[in-house]
Amino acid sequence: MAKLKPIKINHVSKYFGKQQVLDDIELTIEPETIYGLLGRNGAGKSTLFNIITDRIPLSDGEVTIAGQPVTDNDAVLNRIYLMSEANLYPSRMRVKDIFQLTAQLYQGMDMALAQTLAEQFELNMSTRFNKLSTGSRSIMKLIIALAVDVDYVFLDEPTLGLDANHRRLFYDALLDSYAKRPRSFIISTHLIEEASNLIERVWVLQNQHIIIDESTESVLNKGFAVTGPTADVEAYTAGLNIIGHEALGNLMVHYIYGELKGDRPIPDTVSISHIDLQRLFIYLTNQEVSTDEN
Amino acid sequence: MRIKAAFSYQLKNYFKSFGWVYLWSIAVVVILPFAISLLLGRINIYDINDYLPQFLPSLILSFYLFVFGGISYDGFKLFIQNGLGRKTYFLSKLSALTVILLVGEAINVLYGLFYHHFINPKNNPIMTFSVLYGHYFNSAAANTVSVLIITMLFTACIMVTGMVIGSSLGLFNRRVQRISIIGMPVVLFVLLAVLVMLNDQTSLKLTWIGDVLLFIVGMKQPVSTGHFVAYAPMISGTIYIMVMLFISYRLTLRFRVPR
Amino acid sequence: MQFDFNSTEPLYLQVAEQIEEAIFTNSFEEGTQVPSTTEVSKQFHINPATVLKGMNILVSDGFLEKRRGLGMFVVTGAHAKIREKRQTEFYEDYVVNLVKEAKKLSLPETTILEMIKRGYNNG
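Chains as they are written, first to last, in UniProt numbering: chain A, 1 to 294; chain B, 1 to 259; chain C, 1 to 123.
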């Protein structure tokens, strides 16, 4: 196969009836990159994944790879795996048979890895799919996601229903697998903390739009917490992009997303620090909501 | 397209389920009555003729193709999860079921021969449609081939009907599906009853419906069974199959998850 | 007042600092191999690209070297180089802050010097 082409999401919109879920989404998924799709519950993360993987039709725009639309295009679809909450496997099929059929319908699967992971996760491969608990179903799909031979792996809330040990195990396995065979992972989650260090590029989906599409590093570089006496903080942050604030008596924290004014003197009483992705996300997605409600 | 992998996957599963349906049918239709008469101590009056109908394999095949042609959405779900689109799903399913149809018909002919020679020689011909079309041509070989083609087209019509019903149902959620599965036969029955009633009343002439039907099957005046026009069902059957396949294909392209 | 992003500085810098510290404390000895990008990545759930970026800083600083097909090794003399580097940075990193804080507290120069002497002798 020639060098991999990126997946392009061009002006994609989606309506369910009259309700708009996605509006003019523009994204590029490069090969061998780990993406994080962040958005609050109901923001449309799953819908976006379902559109990219051709599970549902889009209302407007197109998803292409090398100029070819993905719709019913096996050459592309067969290089993509989507792990989601939807249970599309035959309910009475045994786990090992599901592994087998995956290997057959896709272009192969690392059975040794699947076996090892099943042991690590204590997943009984002889159990029928409908007898698995919700957590075990997630585990089974995650094992397939890591072992199947594809170039783009979409993980929709991968660790939902997994306990802390299994979550850790999963990220171990993911990074191990990524190191051995780099490919793209697109992870949607609202448990940002556990994933933030492995995401190379962040997308934030909010109110039908992608409001952030940047490298994690530059996103983190733009997030600040300005702490100090209310008057001093307000004087310093005037005109900056304030995405949230917290007050404790006269002590004020302003959360900023964007550039600080380099020429503006920082009062001695005020301290400035960076904030983590989780916090940044919370304030960024709150802001949009509150401006809408006003 | 990954049609080859999809096709071999489908074919394997269809053969498996076809085998099971066969076994179960034989168990229910043949072995069960035998076991019952054995239990009741009436084995002396058990006659395999009563329990091994000549049409059993044809019935099984038609039933199988109708039902499995109808199961659409579950297959699509599995395929889309495994990176295969609707087109591949439809084409691999159609080709795999066609193989089943050919194999099934071959079994039917062999069974017909077997039945004709060993179980009930005096009765019917090897292929049922011989009764209608078996003497249209002057050559016996041509007649055999044409009846064979008509038989296969007829079974294929049943199959594509199942496919259209299944792919229509695939667009709806389970509730609507249940309602239509129960409701449609009722509606059809009522419709039929109304038609029959109307036909009885001489004021309305609905005989054209009958005429069309007769034309489709190739019955010509004066009626003489065995001499129906063999081309008529071939052409009408082919047209029906094409139309149904087209509809089913277009409906399949509209499948989505979740519904 | 100065920016102090120590706790939340970019991840790749933290990675570089952690490895540098490990070399300085002889946890990673000179001439030996340091853990691979993958190992570090897996251990701390950090994207391998980030880890590599951090390691590359140490390569350009001359503390680590790439050996083709083998991995990253601690350069001979890296320990001394790190000490040298930290010595030059000592003024910026510690003295400037110390003086600034002392001035805020109105501590005269002599007192600070005295304190340093005391700390030095006790240490």
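If you're looking for bench data, these hints aren't it; they were derived computationally from the structure.
Each residue gets a CB set at the ideal place from its N, CA and C atoms; glycine is no exception.
Treat the hints with care, since some could be wrong.
[As the list claims (entries may be wrong)] Here are the simulated DSS-like pairs of lysine-lysine, each with C-alpha atoms no more than 30 Å apart in a straight line: (1) B/K4 x A/K96; (2) A/K261 x C/K100; (3) A/K5 x B/K12.
[As the list claims (entries may be wrong)] For each label pair, taking beta carbons as the anchor points, the in silico distance ranges come out as: (4) C/S60 x A/R168: 28 to 34 Å; (5) A/D176 x C/L70: 16 to 22 Å; (6) C/Y91 x A/E246: 33 to 39 Å; (7) B/V67 x A/Q115: 35 to 41 Å.
Tested hints:
1. B/K4 x A/K96: 22 Å, holds
2. A/K261 x C/K100: Given that 30 Å is the threshold and the Cα spacing comes to 23 Å, the pair holds.
3. A/K5 x B/K12: 34 Å, violated
4. C/S60 x A/R168: 28 to 34 Å: Check passed, 33 Å falls within 28 to 34 Å.
5. A/D176 x C/L70: 16 to 22 Å: 20 Å, holds
6. C/Y91 x A/E246: 33 to 39 Å: 36 Å, holds
7. B/V67 x A/Q115: 35 to 41 Å: 36 Å, holds
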